[in-house]
Amino acid sequence: GAVVSQHPSWVICKSGTSVKIECRSLDFQATTMFWYRQFPKQSLMLMATSNEGSKATYEQGVEKDKFLINHASLTLSTLTVTSAHPEDSSFYICSARSGTVNTEAFFGQGTRLTVV
Amino acid sequence: DQQVKQNSPSLSVQEGRISILNCDYTNSMFDYFLWYKKYPAEGPTFLISISSIKDKNEDGRFTVFLNKSAKHLSLHIVPSQPGDSAVYFCAARWSGGGADGLTFGKGTHLIIQP
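Keeping their order, the protein sequence lines are chains L and E. Taking this note's numbering, I'd label the letters of the first sequence as residues 2 to 117. Taking this note's numbering, I'd label the letters of the second sequence as residues 211 to 324.
Only chain E is shown next, with the shape it has when bound in the complex (with noise of 0.2 Å):
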């Protein structure tokens, strides 16, 4: 039963554009979202989370939005730069947990093309 979903396992983006990763979740008990980068044979790095009070939390050119009545939240990059070519997990957390880590979609290869 995969609580946090990332339907697409592959996107490509030209180069300067905007590139969007989706993610869905199921458990409505999530209060805090976060968006990993992560290259092979490496551990995720950290790009940028949102709380569910919010809706949307802006770093450079990471953006994440966060629709609460559709279970949904998206990464906008702008522009999509090489560098950015990697597999991007979102994660979700309950606070009220417990035991408090985190729930991982299966990731999103994101290929930025020249």
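Okay, chain L solo, but in the shape it has when bound (with noise of 0.2 Å):
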């Protein structure tokens, strides 16, 4: 399959400063670029969606100021936590698509950030 590859794979930071995480797919162009977050034993929750060139679309419940999101070109996303908080802390997971709905999406390695 595709490889999209997310960068870091893991981050430490202290409460109250930034961190942006890349989302980069190395062999194909996306269209479409999602970011899930998933708390320990729980599911992948859909953040975001961006697509290519335009403002990303938020889920209910998501900080769009807090979780800023930036598609700026086929082959990288970037995720910023703003302002992270210890409750920030969680495993960031983006995934890639190119083409349509039924396009299969492919995922990156995750992001384990941990705020203290």
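Since the hints were made in silico from the structure, they are not lab data.
Label-pair restraints from in silico Cβ distances:
| hint | chain 1 | residue 1 | chain 2 | residue 2 | range |
| --- | --- | --- | --- | --- | --- |
| 1 | E | 255 | L | 19 | 27 to 35 Å |
| 2 | E | 213 | L | 73 | 26 to 34 Å |
| 3 | L | 14 | E | 228 | 44 to 52 Å |
| 4 | L | 73 | E | 212 | 30 to 38 Å |
| 5 | E | 293 | L | 56 | 38 to 46 Å |
| 6 | L | 10 | E | 217 | 25 to 33 Å |
| 7 | E | 268 | L | 42 | 26 to 34 Å |
| 8 | E | 292 | L | 61 | 37 to 45 Å |
| 9 | E | 212 | L | 75 | 27 to 35 Å |
| 10 | E | 291 | L | 56 | 40 to 48 Å |
A few chain L residues that face chain E, going by a derived Cβ cut-off under 7 Å, partial list only:
| hint | residue |
| --- | --- |
| 11 | 35 |
| 12 | 47 |
| 13 | 94 |
| 14 | 108 |
| 15 | 109 |
| 16 | 110 |
| 17 | 111 |
Note that the structure is predicted; figures quoted are calculated from it, not measured. Positions of the beta carbon are idealized from the N, C-alpha and C atoms, including for glycine.
Take each chain as given, in its own frame, and dock them per the hints.
Structure representation (structure tokens):
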């Protein structure tokens, strides 16, 4: 399958700082990228959907001003967690898809964020 | 409100036997279903999918069955191998939903015993 690379794989930051997570599609152009969050022993929860060159669509309950998503090119999307708090500590995973809705989406390896 | 439910948090199966993982959904608008395999601290890996117009899809050792009337799908792995030990997530999507990300179940931890 296609390769989606997520960086960093883990990060520790202090409360109040911002953290940027990158998601890259390495061998295909991703028209749509998705950001998920997973708490321990829970399912992956969709946070937002972004299409290249347009604003992200956030799921209900996700603060768009806190979780800034930029999808500036067909191979790169970034998620910035602003003013991080300990409750933002989680596993963040991106996925990327080319083409239409029923084209398969491929996942990055995830980023473990710990806010201290 | 869990729209995709995997009611078994874990499942233990002997190597060589069949593993059957179950998934139920409540949203009748879902029209595409997927199974992912996930190891700790890694992203999910796609296994197999099925469109709502089908009732079965097979790929090697993996077969997914869909029962639309019961809003139920299952993943069969046969024969089970030690490398199959992982958490398996069922996911669903509604093509006409606009924001078309996946809705995941909570996962089932499959343990293959030698």
